[in-house]
Amino acid sequence: MIFHGTEVRQKALTLLRGGAKNAEVARRLNVPSGTIAYWRHMDRAKRGECPGKHDPKCPQCDGRDLDMVAYSYLLGLYLGDGHIIQYSGHRVPSLMIACTQSWPGLMDACERAMRAVFPDNSVCRVRRTGCSNVKVYSNHLWCMFPQHGAGKKHERRIALEPWQQEIVDAHPWEFIRGLIHSDGCRITNWTTRIIGGERKRYEYPRYFFSNKSDDIRKLFTDTLDMVGVEWTTLARGSDPFNISVARKASVALMDTHVGPKY
1 MIFHGTEVRQ KALTLLRGGA KNAEVARRLN VPSGTIAYWR HMDRAKRGEC
51 PGKHDPKCPQ CDGRDLDMVA YSYLLGLYLG DGHIIQYSGH RVPSLMIACT
101 QSWPGLMDAC ERAMRAVFPD NSVCRVRRTG CSNVKVYSNH LWCMFPQHGA
151 GKKHERRIAL EPWQQEIVDA HPWEFIRGLI HSDGCRITNW TTRIIGGERK
201 RYEYPRYFFS NKSDDIRKLF TDTLDMVGVE WTTLARGSDP FNISVARKAS
251 VALMDTHVGP KY
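Under our numbering, the first residue of the sequence shown carries the number 1, and numbering increases by one thereafter.
Since no wrong hints were added, every one of them can be taken at face value.
DEER-style ranges, computed between Cβ atoms:
id	residue 1	residue 2	range
1	Pro104	Ile187	15 to 23 Å
2	Ala23	Lys57	31 to 39 Å
3	Cys185	Lys57	35 to 43 Å
4	Trp163	Ser122	20 to 28 Å
5	Leu234	Arg64	37 to 45 Å
6	Ser33	Gln86	25 to 33 Å
7	Lys248	Val92	43 to 51 Å
8	Ala150	Ser33	42 to 50 Å
9	Lys57	Gln165	21 to 29 Å
Dumping the calculated PhoX-like pairs for lysine-lysine here, alpha-carbon to alpha-carbon at most 25 Å:
id	residue 1	residue 2
10	Lys248	Lys261
11	Lys11	Lys21
12	Lys218	Lys261
13	Lys212	Lys135
14	Lys153	Lys135
15	Lys212	Lys152
16	Lys152	Lys218
17	Lys261	Lys135
18	Lys135	Lys57
19	Lys153	Lys218
20	Lys46	Lys11
21	Lys153	Lys261
22	Lys152	Lys135
23	Lys261	Lys212
What the hints contain is simulated information worked out from the structure, not anything from laboratory work. Note that the Cβ used here is the ideal one computed from N, Cα and C, for glycine as well.
Take the sequences, apply the hints, and build the full model.
So this is what it looks like as structure tokens:
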């Protein structure tokens, strides 16, 4: 172990206080950069210049303003493709939304919503095979998404808190868009018709939303009812996992406020 005398340390602190970077001081004085960083930290602490603990405020716990439009969209994404997890090696839990690589616009929209809802927290993307996880780290994720719990969403009750329902009621299209962007799609469906004695192919757009949770599907359809979108349930075998929007006027409404993934 190498010990550096008081004179070397004082030279380092003089340079650092003058605005020199840690790496520059380390090179000039031939001192490990870790030692320089430690000297700098101790000097700032002694003078009361260390920044305080990073403690972002929470809309639920501290009354911070909340971007309700962004939250309504992010809530829809969370109920579809999101989950909250805290790894043993991490001090802070993270909310992860899985996004397919073929939809870069969705990843951008998800990241914007996370940054708007958690403006003082870390947001990042982690690339996986065929997809990316868009993540935000916060100690208040459970406050903001009280639907979190053990096990899969479709195996437990999912209900909105009154304050969440107020946000969805105020911004229903953002909630619908989040659900479609997570577990839904817009496709071109087709059938055949007899026209002038000849069978012809007929194509029309259609929206689908698929989710195993009865509660989440009901949240989706209740919100569709609120905005005047007609829907039907399509069973997959004996399971009513699919919600369809196919009527022309309703598809037009969805196109105006939601649109296809991109």
